[in-house]
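Engineer: Model the full structure from these sequences, guided by the hints.
Residue numbers (the numbering used here): 2 to 97.
Since the hints were made in silico from the structure, they are not lab data. Possibly wrong hints are sitting among the right ones.
Pairwise CB distance ranges, derived in the manner of DEER restraints [stated by the list, open to error]:
id: 1; residue 1: H64; residue 2: R91; range: 12 to 22 Å
id: 2; residue 1: R39; residue 2: R92; range: 18 to 28 Å
id: 3; residue 1: G55; residue 2: A93; range: 16 to 26 Å
id: 4; residue 1: D85; residue 2: G44; range: 17 to 27 Å
id: 5; residue 1: R96; residue 2: H64; range: 28 to 38 Å
id: 6; residue 1: G55; residue 2: R92; range: 13 to 23 Å
Backbone N, C-alpha and C fix where the C-beta goes; we use that ideal spot for every residue, glycine too.
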Amino acid sequence: MSVQQPTAPADTAALAACWQRLRTVFAGHSPVFIVDERFDPIGPLWRVMAVYQGALGRWYRRHYRYDIPSDTLYFAGEQPVTDDELRAARRAGKRL
Numbered sequence: 002m003s004v005q006q007p008t009a010p011a012d013t014a015a016l017a018a019c020w021q022r023l024r025t026v027f028a029g030h031s032p033v034f035i036v037d038e039r040f041d042p043i044g045p046l047w048r049v050m051a052v053y054q055g056a057l058g059r060w061y062r063r064h065y066r067y068d069i070p071s072d073t074l075y076f077a078g079e080q081p082v083t084d085d086e087l088r089a090a091r092r093a094g095k096r097l
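Structural biologist: So, in C-alpha cells, the structure goes:
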C-alpha cells in the first residue's frame, strides 16, 4: 500500500474534491479505508483504492479514477480482500 503525496496545490485541491465524491459513494458504509492514492499528470487524474465492508459483511477493495478536468469520479472495479489485506488496510490506510 502506498499513498502518494500530491506535487502541487492544484493536485491537493483535486484530491480533496475526489474525497468528497467518495464520501457520497460510501455514505452508508463505515469504516472505509483509503489504501492507495496516485496522481497521474497525463490525465490529469487521481487513482484511488478504497477498502470497505459490503452489505453482507464481506470486505472489498474498490478502484476509482477521479478525472480532474471533468470533475468526475469513475468506478474502475471491485475485488474481495483477504484477511491479511484487511489487516493491512486497517493498519496503514487513511479513514475516509
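Engineer: Would you mind marking each hint as holding or not holding in the structure?
Structural biologist: Status of the hints after comparison with the structure:
Separation of H64 from R91 is about 19 Å and conforms to the stated range, judged on CB atoms against 12 to 22 Å. For R39 and R92, the Cβ-Cβ distance of about 20 Å falls inside the hinted range of 18 to 28 Å, so the restraint holds. Taken as a hint, the range 16 to 26 Å holds for the pair G55 and A93, whose Cβ atoms sit roughly 21 Å apart. Taking 17 to 27 Å as the suggested C-beta distance range, the pair D85 and G44 does not conform, at roughly 31 Å.
Between R96 and H64 the beta carbons are some 18 Å apart, a value that contradicts the proposed interval 28 to 38 Å. With their beta carbons about 21 Å apart, G55 and R92 fall inside the hinted range of 13 to 23 Å.
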